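*Asks:* Quick note, the sequences are listed as chains P and G, same order.
Last residue of the first sequence: number 494 in the working numbering, and the count goes up by one each step with no gaps.
Last residue of the second sequence: number 438 in the working numbering, and the count goes up by one each step with no gaps.
If you are wondering where the hints come from, they were derived from the structure by calculation, not from laboratory data.
Careful, some of the hints might be misleading.
[Unchecked claim] Taking CB as the label site, the calculated pair distances span: (1) G/309 <-> P/396: 54 to 60 Å; (2) G/134 <-> P/417: 25 to 31 Å; (3) G/114 <-> P/400: 27 to 33 Å; (4) P/464 <-> G/279: 55 to 61 Å; (5) P/442 <-> G/135: 22 to 28 Å; (6) G/184 <-> P/400: 36 to 42 Å; (7) G/134 <-> P/401: 58 to 64 Å; (8) P/355 <-> G/65: 19 to 25 Å.
[Said to hold, decoys possible] Pairs of lysine to aspartate or glutamate, EDC-like flavour, derived with a Cα cap of 20 Å: (9) P/419 <-> G/112; (10) G/122 <-> P/443; (11) P/469 <-> G/98; (12) G/147 <-> P/455; (13) P/447 <-> G/98; (14) P/363 <-> P/443; (15) G/48 <-> P/402; (16) P/363 <-> G/51; (17) G/147 <-> P/443; (18) P/364 <-> P/402; (19) G/122 <-> P/421.
Just so you know, these numbers come straight off a predicted model, no measurement behind them.
Positions of the beta carbon are idealized from the N, C-alpha and C atoms, including for glycine.
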Amino acid sequence: MTQNTILSIEDAIVKILTPWGNGTGFLLGEYELIVTNRHVVEGCRQVTIMSENFKKRTVNVLYADPLHDLAFLETPEDVAIGSLQLAFDDYKITQGDPILAVGHPLNLNYTNTKGIVSKASRTVSGLNYIQTDAAINPGNSGGPLLTNDGLVIGVNTFILASGQNLGFALHYSHLKKCLEDFKKSGAPYAVRCSSCTNLVTEETLKNGYCPYCGVKMNEDDFKGKLYLPGHTSKKIEEIIKKMGYNLNTVRDSKYNWTIEDSNLNISITHRPDINYVSAECTLCKIPETKIDRVYEFLLRQNFRLPRIAFSVEDCYVKISTSYIKDSDFHTDTGYELFSKYINNCHRYCNILIERYYCLPIESDN
Amino acid sequence: MSLLSKIFNGIPPKYSGTDGIKFGRFSEPAETEELYNLRISADELFDQGKYLDSYIIYFNYLQELGGPAVLLDIDSSTGDLTFKLLQGSKIVSGVISDLEVRAQSVVAKFSKADITLLRFLLGKNCDLAYSKFSISGDSIIINQLCPIKDMSPEAFSDMLSEIAIASDGLDEMIEAEFPNIIPVDYENTIPLPKNEVKTKIDFLRLWISQTISTTENLENETLKTYVILSGIFKILYLISPEGLLLSYFRRILNMYSGNEENDYLRAEINYKMNEKLKEIQEQKASELEKSLFKTYTVFPETEYQKFSEMAENINSLLQLPVNCIKQRQKKLIVPICEYIVGIHLYQHGMPEVAKELLMLFFQSLNSDFFTSLGFDNTLYDETTSQFLKGRIIQEIENINRKYSVIYPQFSFDFSELDFSSKEDFAYTFLFEFKNLQITD
């Protein structure tokens, strides 16, 4: 696989964020839909997506399928996303074929995992899966399994927790049928009944039950699961809203938020295990010359500035702030601290670049 | 006047005899009910918005915990609190007003800001959670400043402890590693009596040389690691070096990650550790002396470990002396058992009874060292190579009597001890120790 092919694949990959976790999705241009696993977006009618090429934005979930563990999302109109192509109907997958799994495992951005097909067809609960040896991790869910030519042959769906490198991707034939079914339904939103396999829409849903087989449908698939942030998370989200940011695009998970403000990404984290709230932002890269001036400036600012700490990790200059105990975290002082902190992020980024010749960071997240 | 002199009304503390001899680092003691109540009441006052009152209570708690090394002044007009405390040779100071909390410690000074030092400090800031390295004038400082409303005594305690431990732990390292560093606050150390210094230097050299000679002809790299670590922990606990020597030993310990799975890696690490020990061995007595002093410490550097956890750990480590027998290396049983005792005493706080018993273990096996320090209760006759069984049993009976009041189930069964050789004694002692009923 050439570097260009890999880059064009990455263009079609999105990261999907919900309060409960994150996963991967990919665009199939032919259908104008983003494909992912249903368990990635479970209980959400809207999710946040982002990619290398565009900032976070909210999109609607259009299709939820607990039977195949599939979900389709709308494609945002205002950004260009690359597109992947499904393998042809008669494409033959054989044991030993080289494959590529693309996703955001363990919250890492864009990881291509190479491997081979360990078993071309493995039946689990009546569905056909491709078993691979690619080291798939949480966060890869919903990502594509690709041939060496970049064709989609499956959706990475689960791994065997006890096994080493045992990944399972839903066979693309199932995906293709689901895409066709949804297209045919013409509905703006549909959920597949896991009992009779028919597609149920908001119009056909019968008082919460499947109109075709009478089984009770999952209420969250239609109404959306209510997200109730914990005590400290709630305060953090109040502050984020008060500062004028869109919570849906800022929230990465229950305990992580990223504010994209101009060229800076400001991460806020709550660690309930150690009762700790912190914010961190990478400002710039150290310059190539006169670096000692930068270091001395940062360390002298550290003495002067309350609660704000500069650090240098690898080539990056970082600025952080924290609450030692989340029990001391108050909405009023938290708002004051975070507002000042964000101002300082911009202020010091400018100072470091303009006066100390630090280098701006590329948008590589 | 140094802070230490101020604490002791201008007369720097001295001690003689064996009572003032310090072993190991200051470990977290089990918190008594009174201390617990004091700490909780400080937090309760804080929650009621009585910020300064809550901090006064917290400092009472700290004074109970840290002894005389905590000074607190209350400004009668403003109510502001000014504090100073000692952590090793370092002073942590600060001011608490009804608006904000400030704390800082000067780690060292520099005559010229070197780029390697500056980068080191900025890199270290990635590891600090509650405070930060900074510079002001020609001083390297760890500091923090926060509105009081956002910092309860509980949070303050975490911050203060981070500042104190980082400042005390890194000063010698910075001094040794970077150019143009000027040490500060060394006047806050207490000199040791001459005899103690001499004994400690003699035994430091003896134990290093024993460690090197024991490992030289040893083929099993895993056992070799334990023997080296045994020597290091024994020195760290019984000789208690401070300053550069402590920093040097810590760097040797850092070479060993515990993940050296194959013999090749172990062999390399073992070689490097031994080479470093040889470098210490070659240091002049006048250099070694500089790192032998005593300090006051407020914050524990090691965490309290419940006896049950310690016993479980010792139980699994006792497989090591069994392996020694299997590999026909009975002579390694003593250093291996000393490793088990040394690592626990040095790295953990534990119930007093456990500490006393483990000290008795060390005292029995290193009688020459303790005698040379001035301890009069010799437990091993070096001329006949025999344990003075009656004295050891007497010591155990004293401990049994003293602690059976606190732990009704506790009794060390000395009838199971095998006094026939140092190896048998070491193993049977630990075997009985891990079975003790000490509830905490």
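*Asks:* Checking against the hints above, which ones are violated?
*Replies:* 1, 7, 8, 13, 14, 15, 16 and 17
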